[in-house]
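Colleague: Got chain A sorted already, so can you dock chain B onto it with the hints?
Chains as they are written, first to last, in the numbering used here: chain A, 24 to 175; chain B, 24 to 175.
No lab work stands behind these hints, which were simulated from the structure alone. Source: prediction; values computed, not measured. It cannot be assumed that every hint is accurate.
The list treats identical chains as one, so a pair stands whether inside a single copy or across any two.
[Stated by the list, open to error] Pairs of lysine-lysine, DSS-like flavour, derived with a Cα cap of 25 angstroms:
1) Lys31 with Lys137
2) Lys172 with Lys137
3) Lys31 with Lys150
4) Lys172 with Lys150
Protein chains: 2
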Amino acid sequence: MLTLIFRKAVQSDLSHLIALLADDEIGQTREVVSDPVDGAYIQAFRAIGDDPNQLLVTVLHDETIIGCMQLSYIPGLSRSGMWRGQIESVRIAAGYRDQGIGRRMIEWAISNFKERGCGLVQLTSDKTRLDALRFYASLGFNPTHEGYKLSL
Amino acid sequence: MLTLIFRKAVQSDLSHLIALLADDEIGQTREVVSDPVDGAYIQAFRAIGDDPNQLLVTVLHDETIIGCMQLSYIPGLSRSGMWRGQIESVRIAAGYRDQGIGRRMIEWAISNFKERGCGLVQLTSDKTRLDALRFYASLGFNPTHEGYKLSL
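With the rest of the complex left out, here is chain A (with noise of 0.2 angstroms):
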């Protein structure tokens, strides 16, 4: 089994980051992949940082980055005050895929909410990604909701 490091993601990953949210069929419609990394990326970055309840994770392997993910707590009234922690924006490199590195994610992530206090972990996928949709069913995640989106 590979060795995985998991760590908050410093401002040095953002091009790998970005790189590999571009490494996507999805994402590379919407991605701007530069060097100089654009603007818009350093702020979000920092916005992330800024906020206690949001976590960016870089994966590495042997000190490469393979992945990322976005962590969220989110504090709500209803389920008795129940923290929920959402997950968004998994992604793996394409030399790492279908090496279970997905799975060992998704557990470090529920792992990391347990941690937080969450009682529900939710995300949602594109309903066109089939093979995710089939790995968070694997994973135990119900699909109990139709996920919505508007853009503005």
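Modeller: Just chain B, lined up with the frame of chain A:
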């Protein structure tokens, strides 16, 4: 058309907001309605108030609390560093349903998200809430995603 006031929730709203969350087919099984309010709700209310990226909204008509919703502003790297607006826990008091109030609430939320610079609004709705599914579709929301939950 009913006059509605939208404002940030204050702690004295809390018992009314919990009653709204509980007055619902699904919510009634998972909320604790008590006087005084269960401490878990007070903690959750404070956690929401402490987070500048959360806004719990109380909706009033004639000084009566008739609705609530929670807005989350989520920074992220993907889609070129776009902020997302997320809507959670939308509730309307039983006597005020089917009068277009939900539509005005979501329109208010969308306008608020635009002011905050969000490029996308997202929400999930339980697949058993057929009226809600039709409602969000009628507002232009696209059900592009599968919404997963995992209880911890």
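Colleague: Now tell me, hint by hint, if it's right for this structure.
Modeller: The hints, checked one at a time:
no.: 1; hint: Lys31 with Lys137; verdict: within (17 angstroms within a copy, 29 angstroms between copies)
no.: 2; hint: Lys172 with Lys137; verdict: between (28 angstroms within a copy, 14 angstroms between copies)
no.: 3; hint: Lys31 with Lys150; verdict: neither (29 angstroms within a copy, 35 angstroms between copies)
no.: 4; hint: Lys172 with Lys150; verdict: both (12 angstroms within a copy, 15 angstroms between copies)
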